[in-house]
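Start from chain X and add chain C according to the hints.
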Amino acid sequence: MRELNLSFNTNVSSAAWQVLIIALRLHAPALEILGMSTVNRALTASLAYFLTNNHKLRILRIIEMCTHRSDSAEYVAAFTRVVFDTSSILNTYNSNHIIEDIGDEDECHRLTTHLSSFLRINEQNSPSQAARIKIIKAHFSGGDINTEVFNRMESNVHPIAIAWMGGSKTNDLLFSFLRSVPSVCDTKRNIKKRKMVDEV
Amino acid sequence: MEHGNGNHDGDEADDGRGEEDVLDEEDELSDDDDDMSVEDDNDNDDDLMLIERNDPGLLIFDIVSGYHPSRGWEALGESIGRNTMLNEVNIGDNEPQSELGPRFFRGLAKNRSIKKMSFSCSNRLCGENFQYLIPFFMNNKSLESLEIRYLECSVLPSVGRFDSLEFALEQFNGLKELTFYSHDVIEGADKVIKALSGHTGLRKLHLESVDIGREGFANLAAMLLNPSCSLSTLSLNSNFDDEIANILSSGLNGNVTLTELDLAGPEQLCTEIGWKAIFDQLKSSTCMIHTLDLSYNYISDTALPFLMSALSNNIKVLKVRMMENSDAILQAVFQFLQSPSCMIQSMDLSGNSFDDEIMESLTNALANNCRLRELQIRWIRSVTPVGWHTLFQFLYHPSCGLESLNIGNNDLTDETVESLPLPSPTVAV
Chain X
0 MRELNLSFNT NVSSAAWQVL IIALRLHAPA LEILGMSTVN RALTASLAYF LTNNHKLRIL
60 RIIEMCTHRS DSAEYVAAFT RVVFDTSSIL NTYNSNHIIE DIGDEDECHR LTTHLSSFLR
120 INEQNSPSQA ARIKIIKAHF SGGDINTEVF NRMESNVHPI AIAWMGGSKT NDLLFSFLRS
180 VPSVCDTKRN IKKRKMVDEV
Chain C
0 MEHGNGNHDG DEADDGRGEE DVLDEEDELS DDDDDMSVED DNDNDDDLML IERNDPGLLI
60 FDIVSGYHPS RGWEALGESI GRNTMLNEVN IGDNEPQSEL GPRFFRGLAK NRSIKKMSFS
120 CSNRLCGENF QYLIPFFMNN KSLESLEIRY LECSVLPSVG RFDSLEFALE QFNGLKELTF
180 YSHDVIEGAD KVIKALSGHT GLRKLHLESV DIGREGFANL AAMLLNPSCS LSTLSLNSNF
240 DDEIANILSS GLNGNVTLTE LDLAGPEQLC TEIGWKAIFD QLKSSTCMIH TLDLSYNYIS
300 DTALPFLMSA LSNNIKVLKV RMMENSDAIL QAVFQFLQSP SCMIQSMDLS GNSFDDEIME
360 SLTNALANNC RLRELQIRWI RSVTPVGWHT LFQFLYHPSC GLESLNIGNN DLTDETVESL
420 PLPSPTVAV
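If you read the protein sequences in the order shown, they are chains X and C.
Using numbering that gives the first Met the number 0, the letters of the first sequence correspond one by one to residues 0 to 199.
Using numbering that gives the first Met the number 0, the letters of the second sequence correspond one by one to residues 0 to 428.
Chain X on its own, in the form it takes in the complex:
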């Protein structure tokens, strides 16, 4: 099953939707479009978990979710974490880069603008491109690049990381990075550092 639409079945309780979500996770791994009805806090958490580990679903239709503003904010925060987890590079990389559309287009449109921008990254890019854009946005944007993460890397990983940074058309990111950490390209210093490590 690729599409299952149960929208506007408003008599279904939150508990029943939760049973469905758990079952779909187990038995409908190919689902790309899912339509549901009412969403509350508990259901938001279940759906967020469902999406975290899902690499097929592209569209999630949810109706009547904006009854309370606080619930809406929670819903936006939960789904934003799923699509764009900024807590670490690895978590950003492991975010969902497949889901393109979540929610009710009408009344929640303004509230979900922030989330929509991240969903649009998924929609307009391949999963690997989307991951790249999100990692750059979360961890390497702004004037000064935080080079701490590179200092912790093994020196043999540096060429891979630098090649990754040079993967854009403009190479702006690579230029900014090299300007921030000239030491990474300092071969003599790296040889000395490696010798010190060997001696230890």
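If you're looking for bench data, these hints aren't it; they were derived computationally from the structure.
This structure is a prediction, so every number in the text was calculated from the model and none was measured.
Keep in mind that a hint or two might mislead.
Claimed, not checked - Partial list, derived from the structure: chain X residues whose beta carbon lies under 8 Å from chain C:
#	residue
1	Arg1
2	Asn4
3	Ser6
4	Asn10
5	Ala15
Said to hold, decoys possible - Residues from chain C that keep clear of chain X, each with C-beta distances beyond 10 Å, as calculated:
#	residue
6	Asn225
7	Lys282
8	Thr412
Note that CB positions come from ideal geometry on N, CA and C, so glycine has one too.
Leaving out everything else, chain C in the frame of chain X:
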């Protein structure tokens, strides 16, 4: 912003923009989100700035009802006229006192990038302003789609209301898609159809609630029979009787371009004779129609065999929603689903009178069909959890080829939803 007053829609994934541009755009969107109290007028002003600086991020511009451009309509029209990025402009219904008029349209007419334009017309826009857009229609080679909705209008007389549109349509010939809606029954709609005869590249024609009359259908039939006709989609949501059905069937006879035919209408006056005339054309070997919408119609029991015969000629998408004699229609369709000649891949049965027994008949039919991929059954309220369970059991049958199931708007219960995902016997829960 998918809808609203402007659309920052980057349709092209690889549009030559660097990552930083994408990120800047995201930052802009994030900033927008911070202030929930931004007024619509401010949004319009933002869009106006984007139009004036020819921003490639603004592809769609909606002029919503009640909008008042900060620098006036003339300036807005001139800005749109100079813009080379806009793909779509939608003009909503504005108040009678709005100054949306010749000065705006004269400016807009200089635009050469707009591919789709829609108007919701009432009051002065109905009768007067299409003449100012003639240079736009004639010189804008990008224009493909026009959507014109004549709303309720108490100001202008109904006679001659379409004259301006008719005249404008006769001045150019590059239209590929037209949607034409009229709230009132107004004389002269047939002439609009005639004015389309020069648009031989027209691929989609949607006539919604427009009574084009016998003359209009005769013009339509002539269009279909023109060897240069390119029409692939025809929606006729207007009343027709046996005589009109005969006129339409004469147009369908020999047409080899039409692939989608929508005859959904609330008050069709067709009898068995009229339906037979149409269905006989659909079963012709030269007919290319594969998508058929007959929703909201009454098709008598005696006309059903003609329909089934037509369906066997390559119909892949069938919509029979809210049929007046739904019991007979459903049983006939279920029987046809089990026929080897059935090619239907997508079916919409929404709004018909279903009960548990009919659900069981559907399930049995599906079990003997290997082609159906999409099924819609919405707005049915008389099926109990037992009936739904019958259908759901089939979903896990090895022969089930369904890829899409839409059962929204059905007042499903907890019991029904919980029975939907039947555990696979091989997977432990």
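Each hint tested on the structure:
no., hint, result
1, Arg1, "holds (4 Å)"
2, Asn4, "holds (4 Å)"
3, Ser6, "holds (4 Å)"
4, Asn10, "holds (5 Å)"
5, Ala15, "holds (4 Å)"
6, Asn225, "holds (39 Å)"
7, Lys282, "holds (31 Å)"
8, Thr412, "violated (6 Å)"
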